[in-house]
Amino acid sequence: MAADVGRLAIRVSGLTRGYAGRAVLDGIGLEIAAGEFVALVGRSGSGKSTLLRALAGLDAGVTGSGELHVPTGGSGAAARVAMVFQDSRLLPWARVLDNVILGLVGADARDRGRAALAEVGLADRERAWPSELSGGEQQRVALARSLVREPELLLADEPFGALDALTRIRMHALLRELCQRHRPAVLLVTHDVDEAVLLADRVLVLERGRIVTDRRINLGQPRTHRDPEFLAHRESLLTALGVGEHGVGEHTERKVVS
Amino acid sequence: MTDLSIDRRHPPPSVVDQDVRLAARPGARRRLGLGRRVPGMLALGPVLLLLAWLLGSATGTLDPRTLSAPWTVVGTAGELIADGRLQSNLAASLYRAGTALLLGVGLGVLLALVAGLSRVGEALVDGPIQIKRAIPTVALIPLAILWFGIGEQMKIIVIVAAVFVPIYLNTYAGLRNIDGRYVELAESLGLSRAQFIRRVALPGALPGFFTGLRLGVTMSWLVLAVVEQVNATSGIGYLMSQARTYGQTDIIVVGLVVYGIFGLVGDYLVRTVERRSLAWRRTLGD
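Residue numbers (our numbering), protein chains in the order written: chain P, 786 to 1043; chain H, 52 to 337.
Okay, chain P solo, but in the shape it has when bound:
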């Protein structure tokens, strides 16, 4: 399966999913290249999470049809798709390092886990219990748990949604840095348009189960809110989401204040 995908990390066509007879995804077609960072925005109920869960193979029992190609790795056992949830979803009874290497086999698993923890800046917390970490630290452990598997595709379901604003800014920088180093294809679901424009190469807008906007963000990194091009992308995406005027007004005010 991986062979016919070629240099694409995801190829989806005609994907439909529904709950109780109601279509949530209505014929999604989507291609994501290897190493590409794509953000998926949409209002709640637009089908973002359903699409992500379909890609992650976590929607057993959901009705639907369509073609779906994601990396599976050679043996099938090695998952090449990693998922980051909104909650860090660390096992409370396993220490941080054991959480990172959960399910990994091989003599070098612990060393790889330590390296991944070092990358997210938590090398000294490997013996801690998850309950002893702050929310941001827990989410960094979850990132390490995903990266240690060297995924070809990283799926993230509002991974920073539960974090405070300051922690979120630092997590953005960390995620960008990690993705530049490991180059997985990323599909980041978020409700935060700023986050999407800040991080992604491409932003998709999902509405009523369809992709209504597919916008390439050709900006260098690091990006800043002060860049007029950034603002243009932001405004156009907000308009696509039906909140354009409000968003621009809010931002102008903020600009005046600063």
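Everything hinted at is true.
Only part of the chain P face toward chain H is listed, based on derived beta-carbon distances under 10 angstroms: (1) A841; (2) A845; (3) D872; (4) L876; (5) P877; (6) A879; (7) L887; (8) P915; (9) S916; (10) L940.
Rather than coming from a laboratory, the hints here were simulated on the basis of the structure. Even for Gly, the Cβ is constructed at its ideal location relative to N, Cα and C.
We have chain P already, so just place chain H on it with the hints.
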């Protein structure tokens, strides 16, 4: 016995000077918590009970024919130890209870895994156990005697039949209460069924298992006392039922005290293991 402070169970990452900075602050405690831990505090209730007994016997309020005085009991215990009867009977009782507990825990956990992790297993296992649960174990003794005779085998089987039920029920409930989000995580990480059981299901069910184990330990002691009085030639229960024949209240009380002490010790051991194993939990009890 309760000197395990929070700091020792959750050691800070490294360095010694952090230990100093993170030393327990006296007086700083949870407002809605349970109050301060005092070493030896758990002995308070039993000690008061003992004092009442002493006082009652010394003032003559307690007739020795009803309940022997503490000093008589101590003296009798000394004699029983001196001629070796207490040790040999205690060893027989501990052997029975220990063997049965081990088998009961194994059986209970195994059945809980079968019923807890598959629908077919649940359909096969849960019903019969619920039926078994409705029948008092003691009521099974006549049948057990007919099937297995009056030897050790029958006694151990009857105890196992009682012990495995609370272990099963609580471990099963623990398994079924594991957060579905962790199952989803295990699926997204591509865990095999064996890895899932080892890393997620078993540790997740551990709190329930320990609840069951504590009940099981008590249960093993309880049923032991019964089967040893029905027909036995050794054991604390045998010692007591003989004493009853000769009206020796003091020996009966020695037996009761031994049961009490070992019941407490058993429970304390389980709780210690539980606290160590569940160090990741932060509960009201901390």
